[in-house]
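Enquirer: What follows is each chain in one-letter form.
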Amino acid sequence: MIFKGRVWKFGDNVDTDAIIPARYLTTSDPRELAAHCMEDTDPNFVARVKTGDIILGGENFGCGSSREHAPIAIKAAGISCVVAKSFARIFYRNAFNMGLPIFESRELGDAIKEGEKITVDSAKGTITVTKENKSFTINPIPPFMEQLIADGGLMKHIAKK
Amino acid sequence: MGNTITEKILMAHTGLKKISAGQLINARVDIALGNDVTAPIAINEFQKAGGKKVFDKNKIALVLDHFTPNKDINSAQQCKAVREFALKQKVTHFYEGGQVGIEHALLPEQGIVLPGDLVIGADSHTCTYGALGAFATGVGSTDLAAVMLTGELWFKVPQSIKFVIYGKLQKWVSGKDLILHIIGRIGVDGALYKAMEFTGETIGKLPMADRLSMANMAIEAGAKNGIFAPDAITREYVKKRAKRDYKFYSSDADAVYSDIIEINAGGIEPQVAFPHLPSNVKPISKAGKVKIDQSLIGSCTNGRIEDLRIAAQILKKRKAASNVRLIVVPATPAIYKQALKEGLIEIFMNADAIISPPSCGACLGGHMGILAEGERAITTTNRNFVGRMGHPKSEVYLASPAVAAASAVLGRIASPAEL
Chain A
6 MIFKGRVWKF GDNVDTDAII PARYLTTSDP RELAAHCMED TDPNFVARVK
56 TGDIILGGEN FGCGSSREHA PIAIKAAGIS CVVAKSFARI FYRNAFNMGL
106 PIFESRELGD AIKEGEKITV DSAKGTITVT KENKSFTINP IPPFMEQLIA
156 DGGLMKHIAK K
Chain B
1059 MGNTITEKIL MAHTGLKKIS AGQLINARVD IALGNDVTAP IAINEFQKAG
1109 GKKVFDKNKI ALVLDHFTPN KDINSAQQCK AVREFALKQK VTHFYEGGQV
1159 GIEHALLPEQ GIVLPGDLVI GADSHTCTYG ALGAFATGVG STDLAAVMLT
1209 GELWFKVPQS IKFVIYGKLQ KWVSGKDLIL HIIGRIGVDG ALYKAMEFTG
1259 ETIGKLPMAD RLSMANMAIE AGAKNGIFAP DAITREYVKK RAKRDYKFYS
1309 SDADAVYSDI IEINAGGIEP QVAFPHLPSN VKPISKAGKV KIDQSLIGSC
1359 TNGRIEDLRI AAQILKKRKA ASNVRLIVVP ATPAIYKQAL KEGLIEIFMN
1409 ADAIISPPSC GACLGGHMGI LAEGERAITT TNRNFVGRMG HPKSEVYLAS
1459 PAVAAASAVL GRIASPAEL
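Residue numbers (this note's numbering), protein chains in the order written: chain A, 6 to 166; chain B, 1059 to 1477.
Simulated from the structure, these hints should not be mistaken for lab results. The C-beta atom is built at its ideal place from N, Cα and C for all residues, glycine as well. A hint or two may mislead.
As a list, the in silico DSS-like pairs of lysine-lysine whose alpha-carbon atoms are at most 30 angstroms apart [claimed, not checked]:
| no. | chain 1 | residue 1 | chain 2 | residue 2 |
| --- | --- | --- | --- | --- |
| 1 | A | LYS166 | B | LYS1220 |
| 2 | A | LYS118 | B | LYS1214 |
| 3 | B | LYS1148 | A | LYS165 |
| 4 | A | LYS129 | A | LYS90 |
| 5 | A | LYS165 | B | LYS1220 |
| 6 | A | LYS129 | B | LYS1214 |
| 7 | B | LYS1220 | B | LYS1066 |
| 8 | A | LYS129 | A | LYS139 |
| 9 | A | LYS161 | B | LYS1451 |
| 10 | A | LYS90 | B | LYS1220 |
A partial selection of chain B residues facing chain A, derived with a Cβ cut-off under 10 angstroms [unchecked claim]:
| no. | residue |
| --- | --- |
| 11 | SER1133 |
| 12 | THR1184 |
| 13 | VAL1222 |
| 14 | LEU1250 |
| 15 | LEU1335 |
| 16 | GLU1400 |
Whole structure, please, built from the sequences with the hints as guidance.
Expert: Okay, here's the thing in structure tokens:
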């Protein structure tokens, strides 16, 4: 898979209340959730995000609650993938289970600015900064996770078995 | 090479004879939990996958506790969808209305989760049941759907961190203070993907309510689960509640840990986590003069009868400061009834407290206790992220019931020792 997009930078410990505040969890409609994605951190995010853009987080991205509404909101907002230094474990599960591509890279975050364009190539395991032609490696995805993605998420993986 | 209690419970739920940290396994689930926020997505996924019948109606718990009593039309719709599913599938452990309690207080109280169980819940605080010596972990809604369909789920066997806690707890210091101290020490990702195993002489004497508070907040250090080896205190708690067999596991002497952390609990004061992370912890003596607008005593962390007794002890013949809204949330109907019987509810009402029905509402900024811009709350809950209890510019401070009660009286963050 190849993802090309502009980067939205966030810091460490982006929690699921920041991704989608609990006050909006009275629905699971992806479009409604997307309308409030990252609202308390950056009220302009939803208005300015373009389809294909990429979220770049720091350590422990997606910490806090188990709400699958968080990856649902991110995906429905048009984000193609999330890159972070590390992910909180329930968010990590949820992303693979429901089909939001996520990648771990320790170096990228400190090396680029918000708004720069990057290309994530999951097969090659690289992230390239388009303008400067700089390249970074992404941590390899465990084979089971690759299978989940290839099958289209956990439920389709089970159906296949 | 021996195994940890976490590894042993996981292994017992597979066909495997050997297991080690880092291994990916498929394991059988004893109890799978969902609530009115997370179950609707799971039910939808279950049906989309062609699911007709759940794998075992006795092994699923559906608890309508988050936006209940129904906050608005949307939340009523979500509850309706879960209710229809639960009734159609004849789910044994379905709770709503006057029977509902906050899920992580309710399931142990009702003997639905037991020692040695493998429990998953589409709620991050499912890790609470580790207090009983169960492996319990929070997962997402799709995970819950998969378990409702197959009775199994994938897990990565976690490494374990062993906490050896010794020393006598000071007055007013509880399990909540211990876990806040630990999170302050290791950080919100200090146990990322790992099991937190709590051991030592202090833990051996720690009442079940305190163990439940500690295991509840393992997730706030990023952990997969928190766990206590079951003992006489566990046996006393479960023997009158269990309606099926259960098993006590313990770690081998030569089990492998990624880290061993020793903590002298005798030196710990009541703790307060300042905004906006549960790891931003200070001892009460260094809290300074922080005025508050609201004090909340309740939640899956600290809404048990033992918590209410401590709060009542402090609030007896006292009143909340005139500028403070004091909200008390008994976590389950049984706790509420017991508090009535013991006269605690009267003490709270005489202290000008608002008594809330069992609900997660205020803790997650859902309803029944929302903060306005610039307001501050001291609360016995487990998270203080930006906007957690209301306006993005409000502030949440986490503490024990003793500190929340004393703070309500004095109108600022305070130790009970100041009264």
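Enquirer: Can you give the numbers of the hints that this structure goes against, from lowest to highest?
Expert: 1, 2, 5, 9, 13, 16
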